[in-house]
Amino acid sequence: MLTHHRKPVCLSLISTDLPLRSVVETACTLYQKDTDKFHLLLTVPPLITCEVASSLGSQDIYHGNHKQAQTPRSPRILWLEISPYRVIMTMQGNDQVSYRHFWEQGVYGVSRYWLPTESLQPHTPMRLRNFTKILSLKGNYLPEYLHLEYELWAEKVQLGSYILNLEIHH
Numbered sequence: 001m002l003t004h005h006r007k008p009v010c011l012s013l014i015s016t017d018l019p020l021r022s023v024v025e026t027a028c029t030l031y032q033k034d035t036d037k038f039h040l041l042l043t044v045p046p047l048i049t050c051e052v053a054s055s056l057g058s059q060d061i062y063h064g065n066h067k068q069a070q071t072p073r074s075p076r077i078l079w080l081e082i083s084p085y086r087v088i089m090t091m092q093g094n095d096q097v098s099y100r101h102f103w104e105q106g107v108y109g110v111s112r113y114w115l116p117t118e119s120l121q122p123h124t125p126m127r128l129r130n131f132t133k134i135l136s137l138k139g140n141y142l143p144e145y146l147h148l149e150y151e152l153w154a155e156k157v158q159l160g161s162y163i164l165n166l167e168i169h170h
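Residues in the sequence shown are numbered consecutively from 1, following the numbering used here.
Don't read these hints as lab results, they were simulated from the structure.
Beta carbons: idealized from backbone N, C-alpha and C, even for Gly.
One thing to keep in mind: the hints can contain errors.
DEER-style ranges, computed between Cβ atoms [what the hints assert, rightly or not]:
#: 1; residue 1: Arg6; residue 2: Ser161; range: 30 to 40 Å
#: 2; residue 1: Pro125; residue 2: Glu104; range: 31 to 41 Å
#: 3; residue 1: Lys156; residue 2: Asp34; range: 34 to 44 Å
#: 4; residue 1: Glu104; residue 2: Leu20; range: 34 to 44 Å
#: 5; residue 1: Pro125; residue 2: Leu41; range: 32 to 42 Å
#: 6; residue 1: Thr124; residue 2: His170; range: 36 to 46 Å
#: 7; residue 1: Thr117; residue 2: Asp34; range: 34 to 44 Å
#: 8; residue 1: His5; residue 2: Ile88; range: 35 to 45 Å
#: 9; residue 1: Lys37; residue 2: Thr117; range: 13 to 23 Å
Take the sequences, apply the hints, and build the full model.
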């Protein structure tokens, strides 16, 4: 049972204890995989990266001899696998930060981050844990609202508490 719908969405990520807030409003493609399982695919704007050489002196900065911010050529793809019991979110970018989060209420899930590298060696992901405090999915036939509250952990150090909201407009 694979059906798809084109829908406008608003995706927000907010940290409750750090100065971090991100909001993306765009269109998505919503695929219905089963009665309560959905895949949501959307593109988000590329990250703007700044490259500044560590060897710049004050004369170089004064004369404007520094590199400008660079915008990648293609957007990043965000893919969410959604059910009332678990959410998997994967971000793939063009040599930018990529990640995969696994959330399930009351469970320590795995968050993996792949950071850009200039070497030819395949890079291994940075593995963190997340603890999902709340996972709530609302909607009758199709999902309308997803709410996640979770903590991100590196070993025994908490890296913040986060709220992820996804509104799907029908």
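Results for each hint:
no., hint, verdict
1, Arg6 to Ser161: 30 to 40 Å, "holds, 33 Å"
2, Pro125 to Glu104: 31 to 41 Å, "violated, 19 Å"
3, Lys156 to Asp34: 34 to 44 Å, "holds, 38 Å"
4, Glu104 to Leu20: 34 to 44 Å, "violated, 23 Å"
5, Pro125 to Leu41: 32 to 42 Å, "violated, 22 Å"
6, Thr124 to His170: 36 to 46 Å, "holds, 41 Å"
7, Thr117 to Asp34: 34 to 44 Å, "holds, 38 Å"
8, His5 to Ile88: 35 to 45 Å, "violated, 20 Å"
9, Lys37 to Thr117: 13 to 23 Å, "violated, 34 Å"
Hints 2, 4, 5, 8 and 9 from the earlier list are contradicted by this structure; the remaining hints agree with it.
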